[in-house]
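**Q** Each chain, letter by letter, is given below.
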Amino acid sequence: MKVLLCISHVPDTTSRIRFVNNQTQFDTTDVQYIISPYDELSLTRLLEIKEANNDLDITIITVGNADVEATMRKALAIGADDAIRVDAEPVDALFVAKQIAEVARTRNFDFIMTGKESIDHTGNQVGEMVAEFLDMPSVSSAAWLEIEANKGIITREMDGGKEVVEVKFPFVVSGQKGIAKEPRIPNMRGIMNSRKKSLEVVPAVAQDTVSVISHYELPAPKGKCKMIPADNAAELVRLLHEEAKVI
Amino acid sequence: MSVLVYTENWDGRFKKSTYELVSYAKAIATELKLPLVALSIGNVSEAEFSKLELYGADKLVLVNTEKLHTFVAQAYTHTVYQVAKAENASVLLFNNNYTGRSLAPRLSVKLNAGTATGVVKLPASYAPFIVRKSIYTGKAFADVELLSAVKILTLNQNSFEIRENATGAKVEVREVEVLDKHLAAMPTKVEKASGKMNLTDAEIVISGGRGLKGPENWGMVEELADLLGAGTACSRPVADSEWRPHHEHVGQTGKVVRPNLYIAIGISGAIQHLAGVNSSKVLVAINNDPEAPFFEAADYGIVGDAFAVVPKIIDAVKAMKASH
Ligand SMILES: Cc1cc2nc3c(=O)[nH]c(=O)nc-3n(C[C@H](O)[C@H](O)[C@H](O)COP(=O)(O)OP(=O)(O)OC[C@H]3O[C@@H](n4cnc5c(N)ncnc54)[C@H](O)[C@@H]3O)c2cc1C
Ligand SMILES: Cc1cc2nc3c(=O)[nH]c(=O)nc-3n(C[C@H](O)[C@H](O)[C@H](O)COP(=O)(O)OP(=O)(O)OC[C@H]3O[C@@H](n4cnc5c(N)ncnc54)[C@H](O)[C@@H]3O)c2cc1C
Chain A
5 MKVLLCISHV PDTTSRIRFV NNQTQFDTTD VQYIISPYDE LSLTRLLEIK EANNDLDITI
65 ITVGNADVEA TMRKALAIGA DDAIRVDAEP VDALFVAKQI AEVARTRNFD FIMTGKESID
125 HTGNQVGEMV AEFLDMPSVS SAAWLEIEAN KGIITREMDG GKEVVEVKFP FVVSGQKGIA
185 KEPRIPNMRG IMNSRKKSLE VVPAVAQDTV SVISHYELPA PKGKCKMIPA DNAAELVRLL
245 HEEAKVI
Chain B
2 MSVLVYTENW DGRFKKSTYE LVSYAKAIAT ELKLPLVALS IGNVSEAEFS KLELYGADKL
62 VLVNTEKLHT FVAQAYTHTV YQVAKAENAS VLLFNNNYTG RSLAPRLSVK LNAGTATGVV
122 KLPASYAPFI VRKSIYTGKA FADVELLSAV KILTLNQNSF EIRENATGAK VEVREVEVLD
182 KHLAAMPTKV EKASGKMNLT DAEIVISGGR GLKGPENWGM VEELADLLGA GTACSRPVAD
242 SEWRPHHEHV GQTGKVVRPN LYIAIGISGA IQHLAGVNSS KVLVAINNDP EAPFFEAADY
302 GIVGDAFAVV PKIIDAVKAM KASH
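So the protein lines, in turn, are chains A and B.
The first sequence: position 30 = 34 (my numbering), numbered continuously.
The second sequence: position 40 = 41 (my numbering), numbered continuously.
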């Protein structure tokens with residue numbers, strides 16, 4: 005079986021978010037990049053499935069310029085089999101999804117997996133867009149995934165509720181928290197092996213640009229925290245009621 | 002042309018976030034001088050649906066086909082698409098929740114439309130069409146210009162006030178085409194959340210961290226939550242240690258909540274935790290360490306032992322309730 009896993013290359017969760025050039029560009033100074041956490045968890049689950057049934061080829065794909073290759077190599081070191089990079093700036097989600105769909109169209113994967121959302125632009129949209137481009141069923145926010153001969157069995161979790169979906173190949177699934185317990189860390193052998201794995205670079209296909217970010221902004225700085233003495237907790241309740249008017 | 006708003010129902014009922022969305026959509030429709038069409042799919046009574054006329058819907062389109070009583074992304078997308086075409090919709094609006102985030106991207110492909118997910122206010126301008134959305138899990142905003150003829154937005158909860166604007170519109174039941182191939186991902190089992198408050202809908206959230214020491218100490222958190230009609234949440238290590246269920250985990254890798262009030266008890270305020278809660282209107286931190294980073298993000302703070310402070314808060318809330 006073959007799966008295409010979409011990997012988004014994002015600033016580390018502890019990165020300070022700042023913008024430059026008159027607030028039109030993300031400031032990459034001192035920013036470390038990582039595999040977006042939900043993609044990393046999804047990769048972990050796919051590796052567990054691969055190890056259990058010994059029949060799953062995991063191809064990863066990233067739309068980005070050459071900078072993203074370090075992140076892709078890390079996914080190969082963790083255990084993905086090969087990689088495809090679509091050589092283009094990810095200008096918007098529709099563009100990214102179109103690229104992934106075009107690669108998938110010509111290479112027959114049994115299913116496609118994405119993370120629930122990237123932690124940078126947090127659009128939560130690329131997976132569904134890929135599915136629509138390919139006219140495939142989709143299951144988003146999967147908290148568990150099993151793969152059988154010709155289908156996936158997926159548990160979705162939303163706000164404490166649960167749904168189980170059985171869907172035949174091909175389909176698109178997006179993974180969220182729960183899909184695997186802890187992300188895997190590459191070991192020395194994985195890192196050595198990853199250098200020998202294929203990382204193919206393909207050109208982008210045309211897609212209209214339908215959105216452009218004109219300006220970024222940070223939230224307004226908070227006023228100072230009003231401290232209330234511990235022995236006068238009733239004062240907090242009064243302030244929340246009379247001043248903040250939230251209770 | 003028209004503005005089309007998709008109004009999701011939960012067991013045949015609408016929520017506060019639906020009314021917020023319809024009010025928001027009406028404001029856009031008014032600005033564009035277009036009629037507002039509300040679409041509901043599924044098992045909704047005409048009486049319930051007709052309530053949306055109160056918030057400004059000029060037309061109420063109900064699709065109540067049996068096959069669409071359970072949400073399946075492809076089939077619902079095809080339905081919204083047919084109605085959007087019939088109504089010649091130029092702006093489509095959804096709540097930024099599970100269904101909205103399934104439908105909006107798919108329709109974006111079908112209509113070659115620019116999409117902004119997680120918008121937080123009305124467009125800053127309409128020509129060009131520029132709207133603000135939340136990015137980096139609430140750590141920043143981006144102003145996105147949508148360049149396409151059709152535009153799609155998903156609205157964050159608690160970002161827009163409900164406005165009444167009665168139109169007297171009547172419900173119109175409509176038939177649509179449903180293709181069997183679009184029902185391939187139909188759930189075989191659906192388990193509803195048990196009676197408990199849905200965390201992302203809660204106006205008040207009481208949250209506990211590792212400072213509470215163990216699951217046996219959540220009694221006071223639940224008591225305070227019950228008193229205030231609040232939802233309960235927790236930090237990631239608390240969910241990871243299985244002190245609390247996973248769906249209570251908030252933060253960068255959990256749920257993002259935007260209540261009016263978030264009270265953090267024994268939570269240090271790590272950047273990944275704050276990412277999921279810092280869009281709350283008012284943040285309160287209770288922590289015995291005066292250096293805890295949460296105090297930098299909070300509006301109100303108490304430095305003290307949670308086991309002494311929280312019971313006092315509970316007493317004060319009870320006293321407040323008794324005097325009203
Ligand atoms: C330099 C730069 C400039 C940008 N300018 C704009 C702009 O002008 N307008 C605009 O709308 N957006 C812009 N973006 C955002 C960018 O287009 C986003 O990466 C894109 O919208 C997808 O991110 P998302 O958060 O919507 O993904 P989500 O839909 O949240 O991601 C879900 C999943 O899709 C997959 N995925 C996401 N991105 C990729 C990728 N690149 N390659 C492979 N898989 C992926 C992952 O599995 C991920 O978990 C810019 C980004 C960069 C880096
Ligand atoms: C990639 C990544 C993603 C992450 N995502 C998330 C996420 O989504 N959500 C999340 O929450 N975390 C997340 N984390 C973890 C995060 O970095 C912190 O480790 C975590 O939030 C800490 O949880 P805590 O505040 O409960 O525990 P701690 O940091 O241990 O803090 C406990 C606090 O309780 C206080 N305390 C102790 N005793 C008392 C008492 N008697 N009374 C009052 N206060 C007391 C202490 O002073 C301390 O401040 C993530 C980390 C990474 C690396």
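I should point out that these hints are in silico values taken from the structure, not numbers from a laboratory.
Nothing here was measured: the structure is a model prediction, and the numbers come from that model.
Where a beta carbon is used, it is the ideal one built from N, C-alpha and C, also for glycine.
There could be a bad hint or two in this list.
[Said to hold, decoys possible] DSS-like mimics (lysine-lysine), calculated; alpha carbons at most 27 Å apart, straight line: (1) A/LYS166 <-> B/LYS122; (2) B/LYS122 <-> A/LYS249; (3) B/LYS322 <-> A/LYS166; (4) B/LYS322 <-> A/LYS249; (5) B/LYS193 <-> B/LYS17; (6) B/LYS322 <-> A/LYS230; (7) A/LYS228 <-> B/LYS122.
[As the list claims (entries may be wrong)] Chain A residues, not near chain B, derived (Cβ > 10 Å throughout): (8) ILE21; (9) ALA56; (10) ALA97; (11) HIS125; (12) VAL143; (13) LYS200; (14) LEU222; (15) LYS230.
**Q** State for each hint whether it applies.
**A** Evaluated hints:
1. A/LYS166 <-> B/LYS122: violated, 31 Å
2. B/LYS122 <-> A/LYS249: Holds, at roughly 22 Å.
3. B/LYS322 <-> A/LYS166: violated, 36 Å
4. B/LYS322 <-> A/LYS249: Distance ~14 Å between B/LYS322 and A/LYS249 Cα, so the pair holds.
5. B/LYS193 <-> B/LYS17: holds, 19 Å
6. B/LYS322 <-> A/LYS230: OK: B/LYS322 and A/LYS230 at ~24 Å, within 27 Å.
7. A/LYS228 <-> B/LYS122: holds, 25 Å
8. ILE21: The assertion about A/ILE21 is violated, with a minimum of 5 Å to chain B.
9. ALA56: At about 22 Å from chain B, A/ALA56 clears the 10 Å cut-off, so the statement holds.
10. ALA97: violated, 7 Å
11. HIS125: violated, 5 Å
12. VAL143: violated, 5 Å
13. LYS200: With a cut-off of 10 Å, A/LYS200 remains clear of chain B, as the shortest Cβ separation is near 32 Å.
14. LEU222: violated, 5 Å
15. LYS230: Violated: least Cβ distance 5 Å, not greater than 10 Å.
This entry does not satisfy hints 1, 3, 8, 10, 11, 12, 14 and 15, going by the numbered hints stated previously.
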